[in-house]
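Kindly produce the complete structure, drawing on both the sequences and the hints.
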Amino acid sequence: MEWLDSFWSTYSTLVLSTGTNVLLALSIYVTLACGLLSVANAGFMAIGAYSAVLLTLHTVTPLPLALMVGAIAAAMVALLIGVPTLRLSGVYLAMATLAFGEVVRILILNAEDVTGGALGLNGIPQLVGVFEVITSVAVALYVFLRLAHSRIGRTITAISQDEIATELMGLNVRAYKLVCFVIGAALAGLAGALNAHFTFFISPNEYGFERAVEILAMGVIGGVSSPWGAVLGGTLITALPELLRGMGRYRPLINGVILIMIILYSPKGLWDGLQTLLRRVRP
Amino acid sequence: MLRLSALSKNFDGLRVLDNLDLTIPSRGVFGLIGPNGAGKTTVFNLITGLLAPSSGSIEFSGERLNGLPPFMITRRGIARTFQNIRLFKEMTAEENVLVAMGEHPQYGVLKALVPGAYRRAEDSERMAVRALLSRVGLSAKAHQRAGFLSYGEQRRLELARALATRPKLLLLDEPAAGMNAAEKQELGEEIEKLAASGLSILLIEHDMRFVMKICAEIAVLSFGRWIAQGGPVEISAHPKVIEAYLGNNAREN
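In order, the protein sequences belong to chains R and U. Reading the first sequence from the start, the letters are residues 0 to 282 in numbering that gives the first Met the number 0. Reading the second sequence from the start, the letters are residues 0 to 252 in numbering that gives the first Met the number 0.
Any given hint could turn out to be false.
Unchecked claim - If you want the footprint, here are the derived chain U segments under chain R, 3+ residues with CB under 8 Å:
1) 65-76
2) 196-202
Said to hold, decoys possible - Listed next, with one range per pair, are the computed distances between beta-carbon atoms:
3) U:N35 with R:N109: 51 to 61 Å
4) U:H205 with R:E209: 50 to 60 Å
5) U:H205 with R:N254: 54 to 64 Å
Hints are computed from structural coordinates only; laboratory data are not their basis. We put the CB at the ideal spot given by N, CA and C, even for glycine.
Here you go:
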């Protein structure tokens, strides 16, 4: 038991971060799965984090409610910006959503009275533990796995392969894409709200460009053929730097090389690569 | 059933369709022919809502279609296949047809969340899909990826997928292209069977023997205008049609 205690005191944050990163990976998985290259999820994460923290910091809102508010706030903003921006596709959508992320960051930076500006918000109550994180991941993963194998998942796959053909099958492609975008935002908002309640401190710079790219990397490295890909991607991106701790100053370099190798040898993501490997081992 | 009135389409000042009127009956096979570049596929794109007309109107069963998004037009009962096949290549033949059944869902989001609950609903959908696949002779290929099917098989899968949306009017864009004689024969019989079952079919095709054999009526388009309309015998003897195909446009064929 003593071993577990010492493990927990060292790695509790890592375990919790893995959980919220898996949520973030799932949040980008939904949009990538229907062919949307959106990098707005860091922005949605910020919206979720700040709206939940402002509640728990200044009022006596119970945690589940604050988490819900975080997710819903992000979803509402997604609905608002999704209607005009989802007319774009490919790199144009990436540009627009990247700009959105920057707008969110700069707004938070400048609304000093409410958000504390660049200094961020301190002394956030540490209300989130393993239970909250694991429950959130489990519920999200369950819902995604069920839907992925239903007609809803099939429609989303069809959209990613040929939007026009899907539309001409009588399916409302724009509505599907908007719903995916909004659900992704809600999940990112939830992840932000959860994450803020075990890190004690949040500031706008945590939700900038680097975070946006990190989230995208989790989705791409894991792959979009199954929600399990997001679990793999989120876990790997969180754990890899820790596993390479012994490498000293070469750590970021080796980290990068490993990620590039994965994409080179398994361009459809880790999950797809593993499936192929398994099929080859026992046909 | 389908009525085009004074339909025109310009692309950057280039008039590709000029003031077209056309009425397609609610039954039977109607042929739409003409030299390459005449604007036939553009007519299909306007009917299905992929392009907006520059002027004129499209009516289906007395309802105006202009301005409706494509998915709503499909739901009104118009389905199509594509000249340059647009299947979901990474999905199996069965899944391709299942996607098209999504317009008539047998179960909703909540049911999809409960293990086993949507199995039965899904099973009945799969039965319908199997029936459609066997109708186009693809039963044995149900679990093969669409991208791995032969050209002719892909065309037939597109037909099955279009039928899964339960259309009243079916638009076929060169359905016989790339098929061998035996496949064409089968396809012709299938189209005639569909028409006999009460479906209206509008067909673009370059194989004249095929068109003349299965179409009750044919309209000929050249440079965005009708040059002739009538039965197969009349059309094949029509001087303007012969001129369009062989005369000044000999390079087209």
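* **Indices of hints not satisfied (ascending)** => Number 2 - this is the single hint that the structure violates.
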